[in-house]
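Work out the full structure, taking the sequences as your base and the hints as a guide.
Protein chains: 2
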Amino acid sequence: MMKSNFKNISGSINAPVGFRAGSVFCDIKKLGTGKGSEKGDKHDLALVCSDTPAAVAGMFTTSQVRAAPVKISVERAARKSAQAILINSGNANACTGSRGMADALEMTNITARLLEIPEEHVLVCSTGRIGVQLPMENVRGGIDAVVKALGSSHEYATQAAEAIMTTDTRRKETAVEFELDGRSVKIGGICKGAGMIQPGMSRTSSRPAATPLHATMLCVITTDAAVEGEALKSALACAVANSFNRITIDGDMSTNDSVIALANGQAGNEPLSLEAGDCERFGIFQDALNQVTLELAKMIVRDGEGVSKFITIRVGGAESFADADAAARSVANSALVKTSWCGGDPNWGRIMGALGYSNARIDEESVDIGYSRSGDAEVRFALEFGKPAVDLESLKEITVLDEFDIHINLNRGDGEAVVYTCDLTEAYVDFNKGE
Amino acid sequence: MMKSNFKNISGSINAPVGFRAGSVFCDIKKLGTGKGSEKGDKHDLALVCSDTPAAVAGMFTTSQVRAAPVKISVERAARKSAQAILINSGNANACTGSRGMADALEMTNITARLLEIPEEHVLVCSTGRIGVQLPMENVRGGIDAVVKALGSSHEYATQAAEAIMTTDTRRKETAVEFELDGRSVKIGGICKGAGMIQPGMSRTSSRPAATPLHATMLCVITTDAAVEGEALKSALACAVANSFNRITIDGDMSTNDSVIALANGQAGNEPLSLEAGDCERFGIFQDALNQVTLELAKMIVRDGEGVSKFITIRVGGAESFADADAAARSVANSALVKTSWCGGDPNWGRIMGALGYSNARIDEESVDIGYSRSGDAEVRFALEFGKPAVDLESLKEITVLDEFDIHINLNRGDGEAVVYTCDLTEAYVDFNKGE
Numbered sequence: 003m004m005k006s007n008f009k010n011i012s013g014s015i016n017a018p019v020g021f022r023a024g025s026v027f028c029d030i031k032k033l034g035t036g037k038g039s040e041k042g043d044k045h046d047l048a049l050v051c052s053d054t055p056a057a058v059a060g061m062f063t064t065s066q067v068r069a070a071p072v073k074i075s076v077e078r079a080a081r082k083s084a085q086a087i088l089i090n091s092g093n094a095n096a097c098t099g100s101r102g103m104a105d106a107l108e109m110t111n112i113t114a115r116l117l118e119i120p121e122e123h124v125l126v127c128s129t130g131r132i133g134v135q136l137p138m139e140n141v142r143g144g145i146d147a148v149v150k151a152l153g154s155s156h157e158y159a160t161q162a163a164e165a166i167m168t169t170d171t172r173r174k175e176t177a178v179e180f181e182l183d184g185r186s187v188k189i190g191g192i193c194k195g196a197g198m199i200q201p202g203m204s205r206t207s208s209r210p211a212a213t214p215l216h217a218t219m220l221c222v223i224t225t226d227a228a229v230e231g232e233a234l235k236s237a238l239a240c241a242v243a244n245s246f247n248r249i250t251i252d253g254d255m256s257t258n259d260s261v262i263a264l265a266n267g268q269a270g271n272e273p274l275s276l277e278a279g280d281c282e283r284f285g286i287f288q289d290a291l292n293q294v295t296l297e298l299a300k301m302i303v304r305d306g307e308g309v310s311k312f313i314t315i316r317v318g319g320a321e322s323f324a325d326a327d328a329a330a331r332s333v334a335n336s337a338l339v340k341t342s343w344c345g346g347d348p349n350w351g352r353i354m355g356a357l358g359y360s361n362a363r364i365d366e367e368s369v370d371i372g373y374s375r376s377g378d379a380e381v382r383f384a385l386e387f388g389k390p391a392v393d394l395e396s397l398k399e400i401t402v403l404d405e406f407d408i409h410i411n412l413n414r415g416d417g418e419a420v421v422y423t424c425d426l427t428e429a430y431v432d433f434n435k436g437e
Numbered sequence: 003m004m005k006s007n008f009k010n011i012s013g014s015i016n017a018p019v020g021f022r023a024g025s026v027f028c029d030i031k032k033l034g035t036g037k038g039s040e041k042g043d044k045h046d047l048a049l050v051c052s053d054t055p056a057a058v059a060g061m062f063t064t065s066q067v068r069a070a071p072v073k074i075s076v077e078r079a080a081r082k083s084a085q086a087i088l089i090n091s092g093n094a095n096a097c098t099g100s101r102g103m104a105d106a107l108e109m110t111n112i113t114a115r116l117l118e119i120p121e122e123h124v125l126v127c128s129t130g131r132i133g134v135q136l137p138m139e140n141v142r143g144g145i146d147a148v149v150k151a152l153g154s155s156h157e158y159a160t161q162a163a164e165a166i167m168t169t170d171t172r173r174k175e176t177a178v179e180f181e182l183d184g185r186s187v188k189i190g191g192i193c194k195g196a197g198m199i200q201p202g203m204s205r206t207s208s209r210p211a212a213t214p215l216h217a218t219m220l221c222v223i224t225t226d227a228a229v230e231g232e233a234l235k236s237a238l239a240c241a242v243a244n245s246f247n248r249i250t251i252d253g254d255m256s257t258n259d260s261v262i263a264l265a266n267g268q269a270g271n272e273p274l275s276l277e278a279g280d281c282e283r284f285g286i287f288q289d290a291l292n293q294v295t296l297e298l299a300k301m302i303v304r305d306g307e308g309v310s311k312f313i314t315i316r317v318g319g320a321e322s323f324a325d326a327d328a329a330a331r332s333v334a335n336s337a338l339v340k341t342s343w344c345g346g347d348p349n350w351g352r353i354m355g356a357l358g359y360s361n362a363r364i365d366e367e368s369v370d371i372g373y374s375r376s377g378d379a380e381v382r383f384a385l386e387f388g389k390p391a392v393d394l395e396s397l398k399e400i401t402v403l404d405e406f407d408i409h410i411n412l413n414r415g416d417g418e419a420v421v422y423t424c425d426l427t428e429a430y431v432d433f434n435k436g437e
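Residue numbers (my numbering), protein chains in the order written: chain A, 3 to 437; chain B, 3 to 437.
The set of hints was computed from the structure by calculation and includes no laboratory data. Predicted model only: the values in this text are computed from it and were never measured. Note that beta-carbon positions come from the ideal geometry of N, C-alpha and C, so glycine has one too. Just so you know, not all the hints are guaranteed correct.
Claimed, not checked - Heads up, simulated EDC-like pairs for lysine to aspartate or glutamate below, C-alpha to C-alpha not over 20 Å straight-line:
| # | chain 1 | residue 1 | chain 2 | residue 2 |
| --- | --- | --- | --- | --- |
| 1 | A | Lys435 | B | Glu428 |
| 2 | A | Lys73 | B | Asp347 |
| 3 | B | Lys435 | A | Glu367 |
| 4 | A | Lys398 | B | Asp407 |
| 5 | A | Lys31 | B | Glu367 |
| 6 | A | Lys32 | B | Glu367 |
| 7 | A | Lys435 | B | Asp407 |
| 8 | A | Lys150 | A | Glu121 |
| 9 | A | Lys31 | B | Asp347 |
What the hints assert, rightly or not - Pair by pair, the computed Cβ-Cβ distance ranges are:
| # | chain 1 | residue 1 | chain 2 | residue 2 | range |
| --- | --- | --- | --- | --- | --- |
| 10 | B | Pro120 | A | Glu367 | 26 to 32 Å |
| 11 | B | Lys44 | A | Leu394 | 21 to 27 Å |
| 12 | B | Phe323 | A | Lys32 | 38 to 44 Å |
| 13 | B | Asp416 | A | Glu399 | 53 to 59 Å |
| 14 | A | Lys32 | B | Asp416 | 18 to 24 Å |
| 15 | A | Glu139 | B | Asp365 | 49 to 55 Å |
| 16 | A | Leu276 | B | Phe323 | 40 to 46 Å |
| 17 | A | Asp365 | B | Arg131 | 21 to 27 Å |
| 18 | B | Glu139 | A | Glu367 | 23 to 29 Å |
| 19 | A | Ala429 | B | Ser12 | 40 to 46 Å |
| 20 | B | Arg115 | A | Ala429 | 50 to 56 Å |
Right, here's the structure in full:
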């Protein structure tokens with residue numbers, strides 16, 4: 003197999019050739035300042051578009067309660083191509099009934115008219131409070147302004163990355179470059195997260211997946227690679243399964259989670275397909291895409307509401323992937339485990355408690371639990387085959403760190419799963435406890 | 003059907019005839035004060051016993067990780083009769099391997115010898131930190147002392163209720179009295195809870211039930227009713243299903259949850275059985291027992307770690323009980339929903355979010371969500387068939403209260419479930435964040 007050779011580059015969604023981004027403030031939260039962005043109000047409407055029609059793929063929340071923009075984007079991402087993605091922050095347009103659906107459609111309609119592209123080529127995302135109607139008088143003017151505000155330099159992409167933020171404390175963007183058929187190919191991405199984060203996205207289903215899921219996370223990925231529509235959909239599904247669907251901040255899945263990718267082919271490589279002969283070239287693209295989504299997913303966890311620690315949970319030796327996943331999520335979402343991390347307490351007893359009530363099949367006397375520095379191969383085992391192995395003080399050297407890994411081996415089979423998560427802090431509670 | 007006519011009375015496990023309780027401090031946490039209870043150290047070892055052999059029933063955690071005392075008590079509660087229950091706080095004797103099992107057995111052995119009863123008639127419960135061996139040198143002396151400290155007045159029961167507390171801020175005890183066959187019959191109970199509370203107990207199974215479960219809650223119930231063993235086991239299963247298995251504080255099920263009942267028959271009623279002809283008399287007993295367990299279960303939620311609000315979630319119109327239960331627990335365990343309650347915020351959008359990712363089948367446009375004062379029939383609907391129905395300000399009059407009910411109707415079927423829960427506060431995080 004060809005060795006993947008992507009490298010990280012500066013920039014994000016404007017790094018690939020033929021994309022423009024822009025953003026404006028149009029007072030979607032109805033703050034009533036009426037001052038516009040000149041006065042420093044945070045942008046709340048962003049637009050990303052390709053100069054030419056692009057292959058499209060999307061992954062969306064599997065919640066049974068789906069925001070209007072999700073319903074529209076699910077359909078349009080299932081098509082062969084698209085060209086633009088409009089995103090607002092400050093209002094989720096969820097639980098807003100037929101009016102919310104009409105508003106979301108109008109947003110795509112206005113955007114399409116101004117960009118002179120088919121309405122079906124515009125996708126839409128929203129994030130913010132649930133159950134409040136959009137202030138369409140503001141949104142209409144905002145779309146008019148944002149279309150005029152498009153630009154292809156990195157600065158525009160950065161502004162868009164900031165415009166989609168809600169409770170995020172910093173923008174999240176990344177890009178990679180690699181070679182394919184002698185051409186330089188780039189993939190860039192921006193995303194937002196913060197709270198309501200345990201995504202579990204699929205291409206179309208609105209029934210819950212086997213694992214619980216939750217968050218508003220939004221992500222836009224652009225690439226100038228030439229990729230056939232089905233190949234892009236397959237690549238994005240794989241990338242999301244190994245990144246955004248592996249994170250949890252608070253175990254709450256959102257009504258609005260969306261990841262949308264556009265591939266406009268302007269790099270000039272031979273179009274990638276799912277055909278057998280394309281396997282190696284497709285692998286290079288997949289690796290690079292995986293890197294972009296995993297990096298963005300980890301940024302979401304590190305910038306979660308009130309987060310003070312980033313923890314990677316690695317479960318092995320489970321009877322199946324489903325068991326490993328259930329075990330990892332049970333630990334990652336346990337309020338008692340998460341609060342113990344907050345204090346730097348290596349409380350493996352609480353981890354055993356969470357394994358005990360998980361849906362994973364476990365045998366108490368076969369469980370190993372170890373701790374290591376983040377990414378470090380040297381693991382200190384707290385528990386080996388159910389027996390305490392080291393003193394807690396030695397583990398505390400690891401658990402006081404801002405980032406560490408927990409290694410759980412159920413010693414029953416070959417199932418493995420990784421979940422990226424964080425602690426539960428007083429700051430999270432304070433942040434979410436209402437007005 | 004005969005009308006149930008129980009009344010609440012003062013006292014708890016010593017209210018029924020023929021029971022004694024006692025407790026001592028024996029330094030199970032190895033605080034090293036060495037002062038004994040004279041100096042005000044909180045008691046940490048309690049003993050409850052019947053003067054005569056009693057019918058026995060038990061319900062225990064369904065976690066796959068079960069403490070040694072649970073393994074022993076599960077077996078002994080499956081027998082026809084028992085006579086004593088020994089309980090320590092400060093150490094869970096969980097994840098303690100073969101030594102933990104030997105220690106728990108020795109605890110019952112010493113107790114039996116001193117009380118001059120068969121070893122199999124002694125059950126044992128532990129609660130406290132997981133993964134630490136019991137200081138048996140202290141425990142042995144403690145058992146010797148606690149057997150001498152038994153008494154039949156209310157004061158002794160009260161001390162036992164305090165001895166089993168861990169992070170509880172107040173003792174939990176109750177008793178009821180009713181008439182059967184012209185005799186006065188009493189049922190009393192004590193329990194403890196605080197954190198790791200979402201019990202899901204069964205008589206024997208150690209596989210997780212359909213719903214997640216978690217807590218160390220311990221409960222001892224005594225009655226002087228004459229009840230056949232199988233009838234007592236059936237009555238306790240029903241009572242627990244409608245009380246302790248309906249509460250969640252933090253969604254974490256414990257390795258040690260145990261509810262044990264002893265019925266010594268000294269009230270002199272005709273023994274209750276599961277025979278068809280006994281249905282009405284059995285119903286009177288069941289009603290009274292349900293009252294005891296529900297009252298104790300609610301005390302556990304109200305005294306949960308850091309709890310500032312007590313919330314009852316009533317789900318109706320689900321396709322099945324399982325769906326109603328899944329919907330109620332998804333809402334009750336959502337970090338975002340729980341934190342919104344903490345601030346008195348009627349954030350029904352987060353409730354919809356939690357319903358959306360639950361395993362209950364829901365249709366967004368059929369959901370009603372309402373709020374009422376605790377136990378009040380007057381419900382203010384926030385959402386009717388998916389449409390906002392009242393302004394948030396009017397709901398805040400309810401959500402600022404210390405106790406309120408949330409009414410969810412899925413409008414799909416006849417499934418109903420109730421879950422008793424609480425908010426998630428900074429105090430909970432502070433309490434659990436380690437040393």
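Against the structure, the hints:
1. A/Lys435 x B/Glu428: At roughly 9 Å apart (the allowed maximum being 20 Å), B/Glu428 and A/Lys435 satisfy the hint.
2. A/Lys73 x B/Asp347: violated, 28 Å
3. B/Lys435 x A/Glu367: Outside the cut-off at roughly 27 Å; violated.
4. A/Lys398 x B/Asp407: Given pair A/Lys398, B/Asp407 is violated - Cα atoms ~42 Å apart, limit 20 Å.
5. A/Lys31 x B/Glu367: violated, 25 Å
6. A/Lys32 x B/Glu367: Given pair A/Lys32, B/Glu367 is violated - Cα atoms ~27 Å apart, limit 20 Å.
7. A/Lys435 x B/Asp407: holds, 18 Å
8. A/Lys150 x A/Glu121: holds, 18 Å
9. A/Lys31 x B/Asp347: Since the Cα atoms of A/Lys31 and B/Asp347 sit roughly 18 Å apart, the hinted pair holds (cutoff 20 Å).
10. B/Pro120 x A/Glu367: 26 to 32 Å: This hint holds: roughly 29 Å between Cβ atoms.
11. B/Lys44 x A/Leu394: 21 to 27 Å: holds, 24 Å
12. B/Phe323 x A/Lys32: 38 to 44 Å: Check passed, 43 Å falls within 38 to 44 Å.
13. B/Asp416 x A/Glu399: 53 to 59 Å: Given range 53 to 59 Å: holds, Cβ gap about 56 Å.
14. A/Lys32 x B/Asp416: 18 to 24 Å: Check failed, 42 Å falls outside 18 to 24 Å.
15. A/Glu139 x B/Asp365: 49 to 55 Å: violated, 31 Å
16. A/Leu276 x B/Phe323: 40 to 46 Å: holds, 45 Å
17. A/Asp365 x B/Arg131: 21 to 27 Å: holds, 22 Å
18. B/Glu139 x A/Glu367: 23 to 29 Å: holds, 26 Å
19. A/Ala429 x B/Ser12: 40 to 46 Å: Because 44 Å falls inside the window, the suggested range holds.
20. B/Arg115 x A/Ala429: 50 to 56 Å: holds, 54 Å
Hints 2, 3, 4, 5, 6, 14 and 15 from the earlier list are contradicted by this structure; the remaining hints agree with it.
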